[in-house]
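**Q** Sequence:
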Amino acid sequence: MVESAAPPPLEESWARFEKKLKEKRSLQRKLNVNKLKKFLAWRFIAAAGVIIFLAITFSTAFPVKARAIGDKITHTVETLLSGTQVNVATEYKNDDPNGGVPPLEDFKEVSIQQEKIVSLEEARSTSPFPIVVPQYVSPGFKLDQVKYQEMVRGTAKVTLSYKGIDSGYFQLTEMNTPNSYVQGYGYDMEDASVEDLRIGGNDGKMITFKNKSIRITWMRQGVVYGLEGKITKKEAVKIIESMN
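Numbering of the sequence shown is given in the numbering used here, commencing with residue 60 and proceeding in unit increments.
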């Protein structure tokens, strides 16, 4: 992960995030999506906007071609931890085909395998989802290392690390999502800027840090992708577009 300026300890960030998220879940089980949006909009104004919940359907955020994997509901939570420190977490959860909103489950501790270095061929033969390798990389960059990590319930994460000339680098992560999956990251508002991107028909989010490094996340056909490293936005977008 690309490091920004002195983020808060990971354990502390997630402990605060879990506490705030659990306080909201009892309300989410009783309200439908429309009531939830109205309630949180009111709380946003009354409580100075510490937490923002957004609920959108998977078919709205992602193209129809992804329906083969089933519709999902996406919950995004932005938590202002202290000062300018922001923690962002996104939960992908299967939608109820009958139109209901699936209840959110409590956090569970699960055992996952250690990440290991493998060849690209080994990763492809083991992965439960098709690994996508970019057809374009910036001049001077080459694939340096492949890591594979088994997660839970037929879920795995693959990391492709590329090195360039001098200090240039970037890495791609790919992970298929189980029925319920939470992804999180943090940044400092004084050290980074955030913007939304449209990547090959899919919605993505990009963080640009003052040290010229970037982080981009997006989802396509049930797989969450991430690109982070010290490259330009233009080059990053070209790399991502070559993965379609």
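The hints are simulated quantities; they were obtained by calculation from the structure and are not laboratory data.
Computed from a predicted structure; not experimentally measured.
For each residue, glycine too, the CB sits at the ideal point set by N, CA and C.
Among the hints, erroneous ones may be present.
Claimed, not checked - The list that follows gives simulated cross-link-like pairs (lysine to aspartate or glutamate, EDC-like), each with its CA atoms no further than 16 Å apart: (1) Lys269 with Glu254; (2) Lys206 with Glu174; (3) Lys216 with Asp255; (4) Lys271 with Glu209; (5) Lys292 with Glu254; (6) Lys201 with Glu294; (7) Lys216 with Glu174; (8) Lys271 with Glu254; (9) Lys271 with Glu300; (10) Lys206 with Asp225; (11) Lys201 with Asp225; (12) Lys293 with Glu254.
What the hints assert, rightly or not - Pairwise CB distance ranges, derived in the manner of DEER restraints: (13) Asp225 with Gln173: 25 to 33 Å; (14) Gln172 with Ser252: 33 to 41 Å; (15) Lys206 with Ser301: 15 to 23 Å; (16) Thr185 with Asp225: 17 to 25 Å.
**Q** Just pull the numbers of the violated hints for me, sorted ascending.
**A** 3, 4, 9, 10, 16
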